[in-house]
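Student: Chain by chain, the residues:
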Amino acid sequence: MLGSVGEALFWAVLLLLGCGGAVWMVVALVVPEWRVHHEFVETQCKVLDKRINQKPGDDGPLFGPELKIEYNAGGDITTWTHYDIHNAYTPNRREAEAILEQFAVPSAASGPCYPCWYDPADPYVVVLVRGYRWGRWFWLTVPGSFMAIGAGGLLYALLHWGKSAERRAARRRRAAGRNFLGGRVTDRRYPFVPQSDDTTNSPGTRLRFRLPMASSPGWALFGLLTACVLWNALVAACVWVAAKSHLRGEPQWVLTFFLIPFVLIGIGLIVFFFRKLLVAAGIGPTLMEISDHPLRPGQSYRLFLSQSGRLAINALRVWLVCEESATYRQGTNTRTETQEAFRQPVFVRERFQIDSGQPFVAEFDLNVPAGAMHSFKAEHNEINWSVVVEGDMARWPNFRRSFSVVLYPVPGSADR
Amino acid sequence: MSMEPAVLIRFDGDASAYQPGDVLAGHYVVEPLEGDSIKAVEVSVLWHTEGKGDEDMAVHEFWRRDADDVRPIDLREPEQFVTRLPNSPLSYRGRLIKLHWCVRVRVFLQNGKELLGERKFQLGHVPSLKRLAAE
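From first to last, the protein sequence lines stand for chains A and B.
The first sequence begins at 100 in our numbering and counts up by one.
The second sequence begins at 23 in our numbering and counts up by one.
Next up, chain A with everything else stripped away, as it sits in the complex:
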């Protein structure tokens, strides 16, 4: 209960901060501009003098344009005024000068007149320009986001106030099972077992289904190339600075020695990338087909393997692998740890050649162990099964290609 109170208080404070900030911004930014448009009285003024007022700012001096004007507001008034209602200062002197250049100070009594607007409640408050500065309204998004997050969090906390974790979970389950019209979305006979649609939507040529590869080598290569380019670009920039110091005859030895491990990592990344590129380009596609899917413990299936390329292979192995994957928060980071929980040999062929245009093909049995844990997928924890092909190559980098499968539990009496 204390946790709920603390949580609700936190969101309430966030919401109040947002509301306070929004009110202050509306009063300081929106209301003055609205009043100039709707309440200020228009009249004509003469510019008698102008100047740039300077005041210190956090990042240097700030400049504000000021004009001495004469106008009639029930009586003649002469006063110094800022250009607009916000008395805005700018760090750019040229900008302030440009504003003043719009107004001429006449040398004779009959000079040009300019429109101006004064506050009827205080005629000494006068401006020479009207308009809404929409850019300033952008800052309303800051308190706005505080309000949205605070209100959302507070609503969530209030909805769950005093409710047990089990009651919340039951409500989530009911909501997950129904669409917005109240109809049932799913009729899952195997809760928390992932769907096998991705695996069964591609028919095979020899067996019933062609299994999709768990991760495309193209995307992995692209990711590796991006990392390689970014890392080496950063390191190259630093190396350039160090090299210039040596060329100038003022060598920066600390920087030079500091950069050595980073350069080595960059070289390592390049080597690793080309190795992966060799594997992707030089080793032809691996195809895996299966006689039925999803799998069941204790059942046997036929697998068909096709490996293309022009390769000398020390050993080609196929495994049935189960991996556990756990996601957890550590401080502000979210980490995922994966560990192999089970590995069973399915097929092995040693010392043979594959000629180009003549892919190696083999058909063999896959026996799923009885009592094996089924595939499982929850928010933070997963159990995934896959058929893994590993190639131990002669004169070539080894390769590993993984094909996801879904293992269902043994049917319960509800299924029979």
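Worth flagging that the hints you see were computed from the coordinates, not collected in a lab.
Possibly wrong hints are sitting among the right ones.
Calculated pairs, DSBU-like style, for lysine-lysine (alpha carbon to alpha carbon, straight line, at most 35 Å) [claimed, not checked]: (1) B/K74 with A/K476; (2) B/K142 with A/K262; (3) B/K120 with A/K476; (4) B/K120 with A/K149.
Since the structure of chain A is provided, determine the placement of chain B on it from the hints.
Tutor: Frame of chain A, contents of chain B only:
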């Protein structure tokens, strides 16, 4: 010296292992407890994970009973619960993940306190990984 009240949960036939689709039945009592001191009681049949990852939890069956003037809750007499167990997820003890099933009874007292009782059971029979590898 007065005893602290406790929730006692029992499964019919004192079973502790079930298969998917089996009927899980049992009862619970709270003793010793005054009859009119209970505000509400919640009974859940649920699974939760334990291990390296953050905890996942899902409720298979959930009942809640609120006390009112007409029908106060008296848990000195055994209260029954019955549910048919789902096909999955099965109980599991892996390297990073452990998955437990249990019946959890949460009793909300009029004085704002809560009593919690829990009894684990096994759903399905997944042998340990070592045994599976040896087989």
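Student: Taking the earlier hints as the rules, which of them does this structure contradict?
Tutor: 4
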